[in-house]
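Each chain, letter by letter, is given below.
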Amino acid sequence: MKALCWEGVNKLAVERVPDPQILNDQDAILKVTLTTTCGSDLHLINGFIPTMQAGDVMGHEFMGEIVDVGPGVRRRKVGERVVVCSFIGCGRCWYCTHDLWSLCDNSNPNWALARDTLGFEIGGVYAYSHALGGFRGSHSEYVRIPFADYGTFPVPDAVGDMDALYASDAAPTGWMGAHLGGVKPGDVVAVWGAGGVGQMAARAAQLLGAERVIVIDRLPDRLAMAERYMGTETIDYSRVDVLDELHECTGGRGPDVCIEAVGMEATGAPDGQYAYDRVKQQLHMQQERPIAVREAIYACRKGGSVFVLGVFGGLVDKFPLGVLMNKGLTFAGAQQHGHRYIPMLLKRMANGELSTRQLATHEMTLDEAPRGYDMFKHKKDACVRVAFRPHA
Amino acid sequence: MMTSVLRTACRRIGRGAMSAGAASRGGIAAVQATNMKRVAGGLGLLAAGLGAGRWIVSRAQTMREPAPKNRWIMVTINCSPQRLSSRADMPEPITRLGDAVDLKISPAPGDRGTELGARLRELPRTKIAGMVARRPEEDPRRMVEEALRQAKSLIETGEVLRPDWPPSAHGAQGAKLLEFADRRGGRL
Ligand SMILES: NC(=O)c1ccc[n+]([C@@H]2O[C@H](COP(=O)([O-])OP(=O)(O)OC[C@H]3O[C@@H](n4cnc5c(N)ncnc54)[C@H](O)[C@@H]3O)[C@@H](O)[C@H]2O)c1
Ligand SMILES: [Zn+2]
Ligand SMILES: [Zn+2]
Numbered sequence: 001m002k003a004l005c006w007e008g009v010n011k012l013a014v015e016r017v018p019d020p021q022i023l024n025d026q027d028a029i030l031k032v033t034l035t036t037t038c039g040s041d042l043h044l045i046n047g048f049i050p051t052m053q054a055g056d057v058m059g060h061e062f063m064g065e066i067v068d069v070g071p072g073v074r075r076r077k078v079g080e081r082v083v084v085c086s087f088i089g090c091g092r093c094w095y096c097t098h099d100l101w102s103l104c105d106n107s108n109p110n111w112a113l114a115r116d117t118l119g120f121e122i123g124g125v126y127a128y129s130h131a132l133g134g135f136r137g138s139h140s141e142y143v144r145i146p147f148a149d150y151g152t153f154p155v156p157d158a159v160g161d162m163d164a165l166y167a168s169d170a171a172p173t174g175w176m177g178a179h180l181g182g183v184k185p186g187d188v189v190a191v192w193g194a195g196g197v198g199q200m201a202a203r204a205a206q207l208l209g210a211e212r213v214i215v216i217d218r219l220p221d222r223l224a225m226a227e228r229y230m231g232t233e234t235i236d237y238s239r240v241d242v243l244d245e246l247h248e249c250t251g252g253r254g255p256d257v258c259i260e261a262v263g264m265e266a267t268g269a270p271d272g273q274y275a276y277d278r279v280k281q282q283l284h285m286q287q288e289r290p291i292a293v294r295e296a297i298y299a300c301r302k303g304g305s306v307f308v309l310g311v312f313g314g315l316v317d318k319f320p321l322g323v324l325m326n327k328g329l330t331f332a333g334a335q336q337h338g339h340r341y342i343p344m345l346l347k348r349m350a351n352g353e354l355s356t357r358q359l360a361t362h363e364m365t366l367d368e369a370p371r372g373y374d375m376f377k378h379k380k381d382a383c384v385r386v387a388f389r390p391h392a
Numbered sequence: 001m002m003t004s005v006l007r008t009a010c011r012r013i014g015r016g017a018m019s020a021g022a023a024s025r026g027g028i029a030a031v032q033a034t035n036m037k038r039v040a041g042g043l044g045l046l047a048a049g050l051g052a053g054r055w056i057v058s059r060a061q062t063m064r065e066p067a068p069k070n071r072w073i074m075v076t077i078n079c080s081p082q083r084l085s086s087r088a089d090m091p092e093p094i095t096r097l098g099d100a101v102d103l104k105i106s107p108a109p110g111d112r113g114t115e116l117g118a119r120l121r122e123l124p125r126t127k128i129a130g131m132v133a134r135r136p137e138e139d140p141r142r143m144v145e146e147a148l149r150q151a152k153s154l155i156e157t158g159e160v161l162r163p164d165w166p167p168s169a170h171g172a173q174g175a176k177l178l179e180f181a182d183r184r185g186g187r188l
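Protein chains in written order, with my numbering: chain A, 1 to 392; chain B, 1 to 188.
For the record, the hints were derived by calculation from the structure and aren't laboratory data.
Cβ coordinates follow ideal geometry from the N, Cα and C atoms, glycine included.
It is possible that part of the hints are untrue.
Computed Cβ-Cβ distance ranges for the label pairs, DEER-style [claimed, not checked]: (1) D139/B - H98/A: 26 to 36 Å; (2) R218/A - R112/B: 26 to 36 Å; (3) A332/A - A88/B: 37 to 47 Å; (4) G328/A - S85/B: 44 to 54 Å; (5) D139/B - Q21/A: 27 to 37 Å; (6) R112/B - G79/A: 31 to 41 Å; (7) Q21/A - S106/B: 36 to 46 Å; (8) P66/B - L315/A: 48 to 58 Å; (9) S85/B - Q21/A: 29 to 39 Å; (10) S106/B - G303/A: 36 to 46 Å; (11) E138/B - A158/A: 54 to 64 Å; (12) C79/B - K31/A: 32 to 42 Å; (13) T95/B - K380/A: 33 to 43 Å.
Which stretches of chain A does chain B cover? Using the computed rule of at least three CB atoms under 8 Å from a CB of chain B, they are [said to hold, decoys possible]: (14) 23–33; (15) 123–135; (16) 142–151.
Bound conformation, chain A alone (with noise of 0.2 Å):
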């Protein structure tokens, strides 16, 4: 079959690979019917984890169609319309069995890997690296789906695909962002980054009740989505200063919770941290350019919440320490425990409360992906997502 694979830095290709096989009795096959790229996807590409190897078949968003159960899968059947998690849960480990879904201990195979480089045992996820299972991606026409029971789930009628695609990563993690973050009825919520995750995020703040939600980003077509989708306040942080803004904008208290939805490879900062960021970035002696990071801590009010949605692998320099302390911040992070968030937001897509198709701003079939990941990466025209088709 075809996939889109990685092959080194800067380097996509579409392929002929192996077609995927029922390789444990729980496992499904999925014909792929809608795959996107991430955000996560460009941290790839542009060569800052560790642990890929050329071939990878890429993509860990999509929803498709059942077309083969193993004897173990018990609550899913062929035919069935389907959205997948982008992160593989056995289900019943402590971590799954406590909604703690990426953590789960059963879904790696490769957790000697994880350790070696994360420093412990991360559960498994569609295409992102050998440490992280190695599993192949769904950038592809079939894929295979470990823990089928826990891991696909049947979409309403009253979804589209489109919609539902986005249920198997963005939303969820957005969602995940605001609810563990605390946000309340009345909060104020600042939101770095409007890509599809920080869109999902600002969103959800909203359905949890917070009476203001600010989106920061630099990209005017990204602001004027989230403004004309959602209705939300906006900051273009490459004009005006950001703290100042938040600071004006909130009687001076700040942000009652922040998320960060912009990950490793920030850009645009004061006082010259991009540049130095990006070269400890270059030398390795830093993997991750926290800028986002760093602001919403300096942003966030005394006593209030800080979320890191925003991927980060390894260690990070001129983390202000002093001031979450001082501040008396509650802070954390985490990759997406979808799991626990996908019924419930399909619920409300079926309702009308969640709108995502927006987000793919661009649809193509699998052969012009290596050309959809380069308007994804540079933001050309105004691109949020590009959905693929691979049986177009």
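Position chain B with the ligands against the provided structure of chain A, taking the given hints into account.
For chain B with the ligands alone, coordinates are given in the frame of chain A:
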């Protein structure tokens, strides 16, 4: 040589930024972007950081007392202690180890299940024996840990998840590279 010069240059910038940073709200003062560009230009992204892995390795080397040679290797299983009350209740990956290991079982605190530990009765006697088992999967302690994790997975889920195979579209050849990376502590 080149790399060490670059590293020194960058450290200098880092120090400057740190001392000047006290006055700046952002924590990092303005740095000379032109210098930075020159420094950055020279290197590619091949090794992608891996700060965490590196720190873990160096931590082990600086510990004051030598690590005990034969620690218990532990997993916590999401089941009641009764499920594992005798050796006969153990799944095959543990029974396969036979008399090579001692086992211990205790309830984990709170709702966290059951702690299962295994310890090799005999260690490879010399350093040379350790060196012979150069592949991580041939390291006896690693084999015990693998068995414990397999047992845990079987008890919790009824299966041990198999990795996609071959590991990439280019077949098993790439897998060798990964094994190599694994042996070196994950640093590609
Ligand atoms: N936690 C998880 O499980 C999870 C899941 C999906 C994605 N992610 C991560 O979330 C992050 C965002 O993903 P995405 O798909 O939205 O990516 P994206 O690349 O589409 O969007 C990132 C946005 O951040 C903006 N940005 C850059 N620097 C900024 C700064 N200093 N301040 C404010 N905004 C800034 C960019 O302009 C861009 O619009 C990535 O790091 C991705 O890896 C995490
Ligand atoms: Zn993603
Ligand atoms: Zn689990």
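Going through the hints against the structure:
1. D139/B - H98/A: 26 to 36 Å: Between D139/B and H98/A, where Cβ atoms are some 32 Å apart, the hint holds.
2. R218/A - R112/B: 26 to 36 Å: Roughly 45 Å apart at Cβ, these two residues miss the hinted range, so it is violated.
3. A332/A - A88/B: 37 to 47 Å: Hint holds: Cβ distance 43 Å, inside 37 to 47 Å.
4. G328/A - S85/B: 44 to 54 Å: holds, 47 Å
5. D139/B - Q21/A: 27 to 37 Å: Once the Cβ atoms are compared, 30 Å apart, the range 27 to 37 Å for Q21/A and D139/B holds.
6. R112/B - G79/A: 31 to 41 Å: Cβ of R112/B to Cβ of G79/A: about 39 Å, so the range 31 to 41 Å holds.
7. Q21/A - S106/B: 36 to 46 Å: holds, 40 Å
8. P66/B - L315/A: 48 to 58 Å: violated, 26 Å
9. S85/B - Q21/A: 29 to 39 Å: This hint holds: roughly 38 Å between Cβ atoms.
10. S106/B - G303/A: 36 to 46 Å: Since the Cβ atoms of S106/B and G303/A sit about 40 Å apart, the hinted range of 36 to 46 Å holds.
11. E138/B - A158/A: 54 to 64 Å: holds, 55 Å
12. C79/B - K31/A: 32 to 42 Å: holds, 36 Å
13. T95/B - K380/A: 33 to 43 Å: Between T95/B and K380/A, where Cβ atoms are some 59 Å apart, the hint is violated.
14. 23–33: Answer holds; 4 residues pass the 8 Å Cβ test.
15. 123–135: With 6 residues close enough to chain B, the hint holds.
16. 142–151: holds (count 3)
Violated hints, in rising order: 2, 8 and 13; the structure is consistent with all others.
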